[in-house]
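J.: Here are the chains, one letter per residue:
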Amino acid sequence: MDQVYIRPSHLDDALEALNAYGDRAHILAGGTDLLVRMRHDGIYPEVILDLGALGELRKISRDGDDIHLGALVTHRQIEKDAMLAGEAGMLVSACHQVGSVQIRNSGTIGGNLANASPAGDAVLALYLLEAAVHLQSKHRDRWVPVGEFITAPGQTTRRADEIICGVRFKRLPPDAAVFFEKVGQRQAVTISKASAGGIVRISQGCFQECRLALGAVAPTIIRLPEVEAALAGSPVSPQVIDRAAALAAATCHPIDDIRSTVAYRRHLVQVLVHRGLAAMVASAQSA
Amino acid sequence: MTKEWQVRFRVNGNSVMVSVPPMTSLAEILRQQLGLTGTKIGCNNGECGACTVIMNGKAVASCLVLAPQVAGADIRTIEGVGGDKALHPIQQAFLDEGAVQCGYCTPGMVMSAVALLEENPNPGEAEVKDAISGNLCRCTGYQKIIRAIRHYAAGR
Chain A
1 MDQVYIRPSH
11 LDDALEALNA
21 YGDRAHILAG
31 GTDLLVRMRH
41 DGIYPEVILD
51 LGALGELRKI
61 SRDGDDIHLG
71 ALVTHRQIEK
81 DAMLAGEAGM
91 LVSACHQVGS
101 VQIRNSGTIG
111 GNLANASPAG
121 DAVLALYLLE
131 AAVHLQSKHR
141 DRWVPVGEFI
151 TAPGQTTRRA
161 DEIICGVRFK
171 RLPPDAAVFF
181 EKVGQRQAVT
191 ISKASAGGIV
201 RISQGCFQEC
211 RLALGAVAPT
221 IIRLPEVEAA
231 LAGSPVSPQV
241 IDRAAALAAA
251 TCHPIDDIRS
261 TVAYRRHLVQ
271 VLVHRGLAAM
281 VASAQSA
Chain B
288 MTKEWQVRFR
298 VNGNSVMVSV
308 PPMTSLAEIL
318 RQQLGLTGTK
328 IGCNNGECGA
338 CTVIMNGKAV
348 ASCLVLAPQV
358 AGADIRTIEG
368 VGGDKALHPI
378 QQAFLDEGAV
388 QCGYCTPGMV
398 MSAVALLEEN
408 PNPGEAEVKD
418 AISGNLCRCT
428 GYQKIIRAIR
438 HYAAGR
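Sequence order for the protein chains is A and B. Throughout the first sequence, residue numbering follows this note's numbering, covering 1 to 287 in sequence. Throughout the second sequence, residue numbering follows this note's numbering, covering 288 to 443 in sequence.
Just so you know, these hints were derived from the structure itself, not from any lab. Glycine included, C-beta positions come from ideal geometry on N, C-alpha and C. Just so you know, not all the hints are guaranteed correct.
Distance ranges between label pairs, derived from CB positions [as the list claims (entries may be wrong)]:
1. B:443 to A:23: 26 to 34 Å
2. B:293 to A:188: 33 to 41 Å
3. A:239 to B:383: 37 to 45 Å
4. B:438 to A:188: 33 to 41 Å
5. B:372 to A:283: 23 to 31 Å
6. A:23 to B:293: 42 to 50 Å
7. B:389 to A:250: 34 to 42 Å
8. B:376 to A:208: 51 to 59 Å
9. A:258 to B:438: 54 to 62 Å
10. B:406 to A:2: 35 to 43 Å
11. B:301 to A:23: 54 to 62 Å
12. A:152 to B:372: 55 to 63 Å
Input sequences plus hints: build the corresponding full structure.
T.: This is the structure:
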């Protein structure tokens with residue numbers, strides 16, 4: 001079967017094309033997932049809609065405390081942005097730990113969202129930031145919280161006629177301490193066996209706001225509402241951190257698969273949450 | 288219907304035009320249409336780095352770039368590094384350090400090093416390792432490669 005390849009220069013034309021082709025079209029952004037799936041998983045899209053010429057989706061912009069990342073913003077762009085390190089530090093470290101320089105120069109934040117992997121590194125940071133995903137179709141324009149956008153491995157609530165145009169979140173307050181760490185087969189260019197990230201604010205010796213998220217230990221990235229609630233208002237102490245890490249390990253639900261085992265992933269969650277909380281406490285107290 | 292795409296772009300400073308099916312990768316265009324076989328195809332999966340080229344100033348895996356995505360781009364390959372008369376100093380540094388074994392990863396390693404040094408003229412060891420983390424050397428000659436890049440940076 002012959003293939004149709006479309007590379008529109010304007011978003012309206014892209015939306016028009018998607019309206020016509022619907023789920024027959026595969027959307028191409030950075031190519032780091034789609035090309036691999038086409039070569040190795042036998043995916044043969046009837047229509048490829050290449051967003052690469054839509055320069056308007058390549059921008060990082062700010063409006064007051066709101067930060068907007070166009071869907072085609074690359075991991076490398078985020079990593080190198082002078083301001084994001086202070087505004088959303090764990091997003092920067094998560095992006096830095098994705099793949100290689102070559103992959104980060106191509107792979108986009110929109111693609112990371114669309115891929116909906118439970119091991120997505122940048123997406124984990126977006127869960128912590130409580131980001132909203134901007135979806136546009138010829139007829140609709142809507143924003144969906146990232147935690148509602150991704151529903152299962154590889155599954156999202158994107159409709160067949162919608163393009164992910166970007167993602168928006170609020171910059172973190174200056175007193176927020178942040179954390180992201182992943183563990184894979186090796187240190188670099190690796191997919192997470194488990195990953196963890198967090199944001200905490202400490203005031204008068206107590207945890208105030210606390211957000212924690214885990215990757216690769218559930219069908220989607222997860223936040224840890226029980227642990228966050230247990231920490232909020234608690235005094236900062238080694239015992240509190242121990243208990244939070246143990247609770248995180250008890251409440252996640254990892255699986256055995258090609259990359260790791262239930263037991264090891266649960267152990268990693270305990271270690272990563274413990275290490276992350278300790279690091280954020282140290283960073284908040286030295287600030 | 289799959290028609291051929293006319294793609295015009297620049298390679299090593301020269302304007303070129305190719306006519307290829309849209310699913311052709313940049314690595315295939317370079318090697319098969321333009322005869323620039325210094326760019327290697329290893330995994331064809333974006334993991335090994337043998338096909339690394341510099342596209343609009345950034346190191347990318349040319350096996351993961353499709354023909355239409357290259358339109359208007361500025362591509363640099365290993366053939367555009369150095370010249371007929373002399374090696375690029377980073378190539379000389381690889382030679383001086385013995386940083387080449389079988390040679391298959393070398394063009395990609397050099398391209399990653401060039402992209403790094405243009406962005407960051409004085410990288411530390413961690414930055415060098417990060418820059419070549421996407422380039423696999425199955426002869427495992429990493430130490431000499433890292434030393435070559437660091438010596439070149441330090442010696443400038």
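J.: Work down the list of hints and note, for each, if the structure agrees.
T.: Now for the hints, and whether the structure bears them out:
no., hint, in the structure
1, B:443 to A:23: 26 to 34 Å, "53 Å, violated"
2, B:293 to A:188: 33 to 41 Å, "39 Å, holds"
3, A:239 to B:383: 37 to 45 Å, "57 Å, violated"
4, B:438 to A:188: 33 to 41 Å, "22 Å, violated"
5, B:372 to A:283: 23 to 31 Å, "53 Å, violated"
6, A:23 to B:293: 42 to 50 Å, "30 Å, violated"
7, B:389 to A:250: 34 to 42 Å, "50 Å, violated"
8, B:376 to A:208: 51 to 59 Å, "54 Å, holds"
9, A:258 to B:438: 54 to 62 Å, "40 Å, violated"
10, B:406 to A:2: 35 to 43 Å, "41 Å, holds"
11, B:301 to A:23: 54 to 62 Å, "42 Å, violated"
12, A:152 to B:372: 55 to 63 Å, "59 Å, holds"
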